[in-house]
Amino acid sequence: GAGVSQSPSNKVTEKGKDVELRCDPISGHTALYWYRQSLGQGLEFLIYFQGNSAPDKSGLPSDRFSAERTGGSVSTLTIQRTQQEDSAVYLCASSLDHNQPQHFGDGTRLSIL
Amino acid sequence: QQQVKQSPQSLIVQKGGIPIINCAYENTAFDYFPWYQQFPGKGPALLIAIRPDVSEKKEGRFTISFNKSAKQFSLHIMDSQPGDSATYFCAASTSGSRLTFGEGTQLTVNP
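Residue numbers (our numbering), protein chains in the order written: chain A, 1 to 113; chain B, 1001 to 1111.
Keep in mind that a hint or two might mislead.
To be verified - If you only want the chain B side, here are some residues facing chain A, beta carbon under 7 Å, derived: (1) Lys1042; (2) Gly1043; (3) Gly1096; (4) Arg1098; (5) Phe1101; (6) Glu1103.
Calculated directly from the structure, the hints in this document are not laboratory data.
Note that the Cβ used here is the ideal one computed from N, Cα and C, for glycine as well.
Could you put the whole structure together from the sequences, leaning on the hints where they help?
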């Protein structure tokens, strides 16, 4: 596809379980970003990848959150031992390079029961 | 200092009206200011963006006005249509790094 693809689109899980969220950026885009959107906090930055390295991971809220990117393409965001406050829409964006416009996917809506 | 303040929180206009959404920032290192439009269940879509070396930019019915000395920028939507009803976010970044978003404005354009 032409745009940023995220999967799953919806995820419901029980508190304490681990979840993995996937992002397929636009082909050729070297920069990849994860954001979180929730009612109380708005849109918050989580982590930024340039290629496979993460020069800025300062937005990750706790050590339960981690992310990786392989082959300079697909990225996965992992949340361990999920808590109810992790419920949010997790958005991925990519850009041609770090100084280019960011294009967003439609997100994964995560609900923790 | 990293915040971007956006107002109003919600806005209702009639078709053909010109809604104006305002944003203010503190961090003078910000050098890129995009606006995003978001429909329910969708991700934010880039509308228009400006850098601080210009005071105004137009793309179709959308105009950004930028006041560097006041550290403010605004979005104007000319001849607004019901299809423009969405949530609008301003944002700012430094040299293409993470985006810092405003709180969002829910726009309703009545027929």
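Going through the hints against the structure:
1. Hint on Lys1042 (chain B) holds. Least Cβ distance to chain A is approximately 5 Å, under the 7 Å limit.
2. Annotation: Gly1043 (chain B) was flagged as interfacial toward chain A, and the flag holds, the nearest CB pair being 4 Å apart, inside 7 Å.
3. The beta carbon of Gly1096 (chain B) is positioned within 7 Å of a beta carbon in chain A (closest approach about 3 Å), and the interface hint is therefore held.
4. For the restraint placing Arg1098 (chain B) at the interface with chain A, the shortest Cβ-Cβ distance is roughly 4 Å, inside the 7 Å limit, so the hint holds.
5. The interface hint given for Phe1101 (chain B) holds, since its Cβ lies 4 Å from the closest Cβ of chain A, which is under the 7 Å cut-off.
6. Nearest Cβ of chain A to the Cβ of Glu1103 (chain B): about 5 Å, under the 7 Å cut. The hint holds.
Hint violations for this structure: none, all hints satisfied.
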